[in-house]
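Student: So the protein sequences, as listed, match chains A and B. Throughout the first sequence, residue numbering follows the numbering used here, covering 11 to 150 in sequence. Throughout the second sequence, residue numbering follows the numbering used here, covering 31 to 368 in sequence.
Errors might be hidden in some of the hints.
Claimed, not checked - When the alpha-carbon atoms are kept at most 25 Å apart in a straight line, the in silico BS3-like pairs for lysine-lysine are as follows:
1. B:Lys107 <-> B:Lys88
2. B:Lys121 <-> B:Lys107
3. A:Lys82 <-> B:Lys188
4. A:Lys83 <-> B:Lys88
5. B:Lys121 <-> B:Lys88
Unchecked claim - What follows is a list of derived Cβ distance ranges for each label pair:
6. B:His184 <-> A:Ile135: 39 to 49 Å
7. A:Ala31 <-> B:His184: 27 to 37 Å
8. A:Tyr99 <-> B:Asn134: 41 to 51 Å
9. A:Ala79 <-> B:Ser131: 33 to 43 Å
10. A:Thr14 <-> B:Leu72: 39 to 49 Å
11. A:Leu24 <-> B:Asp270: 51 to 61 Å
12. B:Tyr244 <-> A:Thr14: 27 to 37 Å
13. A:Met60 <-> B:Arg132: 28 to 38 Å
14. B:Arg109 <-> A:Thr14: 51 to 61 Å
15. B:Arg109 <-> A:Gln146: 52 to 62 Å
16. B:Arg132 <-> A:Leu63: 25 to 35 Å
To be clear, the hints were calculated from the coordinates, so they are not data collected in a lab. The beta carbon of each residue, even a glycine, is placed where N, CA and C say it ideally should be.
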Amino acid sequence: MRVTQGAFSFLPELTDEEVRAQIEYVLSNGWSIAIEVTDDPHPRNTYWEMWGLPMFELQDAAAVMAELAECKKTYPQHYVRLNAYDASYGRQTTALSFIVNRPESEPGFRLDRTELSDRQVRYQIRAYSADAPVGQRYQG
Amino acid sequence: MAESSEGGPRQFSLRPPRSSGTENIPAADAGSTSIDSAESELAEDDVIDLSLERSDSKVVEVLARLDSELVGLLPVKSRIADIASLLLVDKMRRRFGLGSSRPNLHMSFTGSPGTGKTTVALRMAELLHHLGYLRKGHLVAVTRDDLVGQYIGHTAPKTREVLKRAMGGVLFIDEAYYLYRPENERDYGQETIEILLQVMENERDDLVVIVAGYRDRMETFFQSNPGMNSRIAHHIDFPDYSDAELERIAELILNEQGYYLDDDARIAFAEYLTLRRERPHFANARSVRNALERSRLRQASRLLNSEKTVLTKSDLMRIDELDIRASRVFGRVDEAGA
Ligand SMILES: Nc1ncnc2c1ncn2[C@@H]1O[C@H](COP(=O)(O)OP(=O)(O)OP(=O)(O)O)[C@@H](O)[C@H]1O
Ligand SMILES: [Mg+2]
Numbered sequence: 011m012r013v014t015q016g017a018f019s020f021l022p023e024l025t026d027e028e029v030r031a032q033i034e035y036v037l038s039n040g041w042s043i044a045i046e047v048t049d050d051p052h053p054r055n056t057y058w059e060m061w062g063l064p065m066f067e068l069q070d071a072a073a074v075m076a077e078l079a080e081c082k083k084t085y086p087q088h089y090v091r092l093n094a095y096d097a098s099y100g101r102q103t104t105a106l107s108f109i110v111n112r113p114e115s116e117p118g119f120r121l122d123r124t125e126l127s128d129r130q131v132r133y134q135i136r137a138y139s140a141d142a143p144v145g146q147r148y149q150g
Numbered sequence: 031m032a033e034s035s036e037g038g039p040r041q042f043s044l045r046p047p048r049s050s051g052t053e054n055i056p057a058a059d060a061g062s063t064s065i066d067s068a069e070s071e072l073a074e075d076d077v078i079d080l081s082l083e084r085s086d087s088k089v090v091e092v093l094a095r096l097d098s099e100l101v102g103l104l105p106v107k108s109r110i111a112d113i114a115s116l117l118l119v120d121k122m123r124r125r126f127g128l129g130s131s132r133p134n135l136h137m138s139f140t141g142s143p144g145t146g147k148t149t150v151a152l153r154m155a156e157l158l159h160h161l162g163y164l165r166k167g168h169l170v171a172v173t174r175d176d177l178v179g180q181y182i183g184h185t186a187p188k189t190r191e192v193l194k195r196a197m198g199g200v201l202f203i204d205e206a207y208y209l210y211r212p213e214n215e216r217d218y219g220q221e222t223i224e225i226l227l228q229v230m231e232n233e234r235d236d237l238v239v240i241v242a243g244y245r246d247r248m249e250t251f252f253q254s255n256p257g258m259n260s261r262i263a264h265h266i267d268f269p270d271y272s273d274a275e276l277e278r279i280a281e282l283i284l285n286e287q288g289y290y291l292d293d294d295a296r297i298a299f300a301e302y303l304t305l306r307r308e309r310p311h312f313a314n315a316r317s318v319r320n321a322l323e324r325s326r327l328r329q330a331s332r333l334l335n336s337e338k339t340v341l342t343k344s345d346l347m348r349i350d351e352l353d354i355r356a357s358r359v360f361g362r363v364d365e366a367g368a
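Build the full structure now, drawing on both the sequences and the hints.
Tutor: In structure tokens:
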């Protein structure tokens, strides 16, 4: 089951050229850019691991593309995303975020139903892949 | 950061105003040339319109501006023109599918203070952008402090960050010899040099490195860092300016600011230059700029303290003999500077 988080996630995978063009767009707006990694696909998992520090004041996408390539080489079977942060006063928030790498196979989520009193049902989703410890997921 | 607070909530827009305050100096005109214009390859018997190619690249324009805005510097200008020709020819060759490796354009600028090294580096970035060699054409000017860290493990990330900012443009390292401190073998500068060497070799597509500094010290720097020397294809030396050139530079600077020297002042200024050259800390064009800055100051107080009741436009523009001769260079010899 394909995880759909961030922008463009309902589209086919972006090519490197398309990713580069998005980065150029980000830089042309003066946003800073950061790369993040995780192997926990749960939608509530908002704090991903940082890959290096955020990059500020870049003029050209080459530096980001190089970091990205490095990151994907280290974590070929992880989710990798790019976050663009708009620091301008009044906004100060993530301006664009999209996934640029994902595991080859995504086994998806299991829905657990827990029966409570008075016929209430509590729902919980669990990623199948998250059963393995961090760093050992998506191995097969 | 300033906010436009004309009442009402701030509107979000897809393109919020760009924040200012980066130290990057943008190319004067970022646009036009793309590196791989997706043109199809030309056939064996096709021809290229040379004049069209020239005007497309704006190379003539940039070179002409270089020539008119910078006085003298003939050897520098001719070297830049050569580089421009090479890149233009390279571009045309590529259209016929004639591959040649990307030329190495790392440079070293040597010369006395104030001979225009930084100014020329800026122009170089712009030119290389117009010729399609650099994608962006901005200049990131740094010195040792921006590259070298304070403790173990600090230097590499710091250097890399600067390199990232410079990608697509020119990294200008002023007084590069400070990177190398032979008296301290554990100096972190060595680490910066190693990273630079690697990037200069492997990431030529992404940036051009220009190192600059005073002639003799650069000489020693290259001697102790042969790797650096061998990666730099163009060693460009900036000669000191003659008095006549400095006078023309003065005229240029004043003209830019809407001032002029009257005839007596011009004579006085020529004398000033002769005297100033003999004194310590003479910095060629920069000394000229500073001297003029001070005569503007004197002109202003002269005007305000004068008996005149009305001032003409020409009064406001004219710098006269006294404004120049009041300089300390003409008088007491005991003080440095002036
Ligand atoms: N040929 C020239 N024509 C006109 N102005 C010039 C020329 N050369 C230098 N200037 C002016 O002189 C000033 C100093 O020049 P610049 O900063 O480029 O010198 P520099 O060689 O980098 O000096 P330093 O080695 O001290 O850093 C600048 O304001 C520049 O505009
Ligand atoms: Mg300088």
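Student: Next, verify each hint and record whether it holds.
Tutor: Hints and how they fare:
1. Between B:Lys107 and B:Lys88 the alpha-carbon distance is near 16 Å, which keeps this suggested pair within the 25 Å criterion.
2. Restraint check: the Cα-Cα separation between B:Lys121 and B:Lys107 comes to about 21 Å, which is no more than 25 Å; the hinted pair holds.
3. Distance check on the hinted pair: A:Lys82 and B:Lys188 sit about 23 Å apart at the alpha-carbon level, within 25 Å; holds.
4. For the hint linking A:Lys83 to B:Lys88, the alpha-carbon distance of about 41 Å lies beyond 25 Å, and the restraint is violated.
5. With a C-alpha separation of about 14 Å, the suggested pair B:Lys121 and B:Lys88 falls inside the 25 Å cut-off, and the hint holds.
6. Separated by about 43 Å at the C-beta atoms, B:His184 and A:Ile135 satisfy the suggested range of 39 to 49 Å.
7. The given range of 27 to 37 Å is respected by A:Ala31 and B:His184, whose C-beta atoms sit roughly 34 Å from each other.
8. Here the CB-CB span from A:Tyr99 to B:Asn134 is close to 44 Å, well matched to the stated 41 to 51 Å.
9. Checking the proposed 33 to 43 Å range against A:Ala79 and B:Ser131 shows it is violated: the Cβ atoms sit about 22 Å from each other.
10. Between A:Thr14 and B:Leu72 the beta carbon distance is about 46 Å. The supplied range of 39 to 49 Å therefore holds.
11. One distance hint, 51 to 61 Å for the beta-carbon pair A:Leu24 and B:Asp270, holds here, with the actual separation near 55 Å.
12. For B:Tyr244 and A:Thr14, the hinted distance range of 27 to 37 Å is not satisfied, since their beta carbons lie about 59 Å from each other.
13. Taking the beta carbon of each, A:Met60 and B:Arg132 are about 34 Å apart, inside 28 to 38 Å as hinted.
14. Distance hint for B:Arg109 and A:Thr14: a CB-CB separation of about 56 Å, consistent with the stated range 51 to 61 Å.
15. Checked against the hint of 52 to 62 Å, the C-beta distance between B:Arg109 and A:Gln146 comes to roughly 59 Å, which is consistent with it.
16. The beta-carbon spacing between B:Arg132 and A:Leu63, approximately 30 Å, falls within the hinted interval of 25 to 35 Å.
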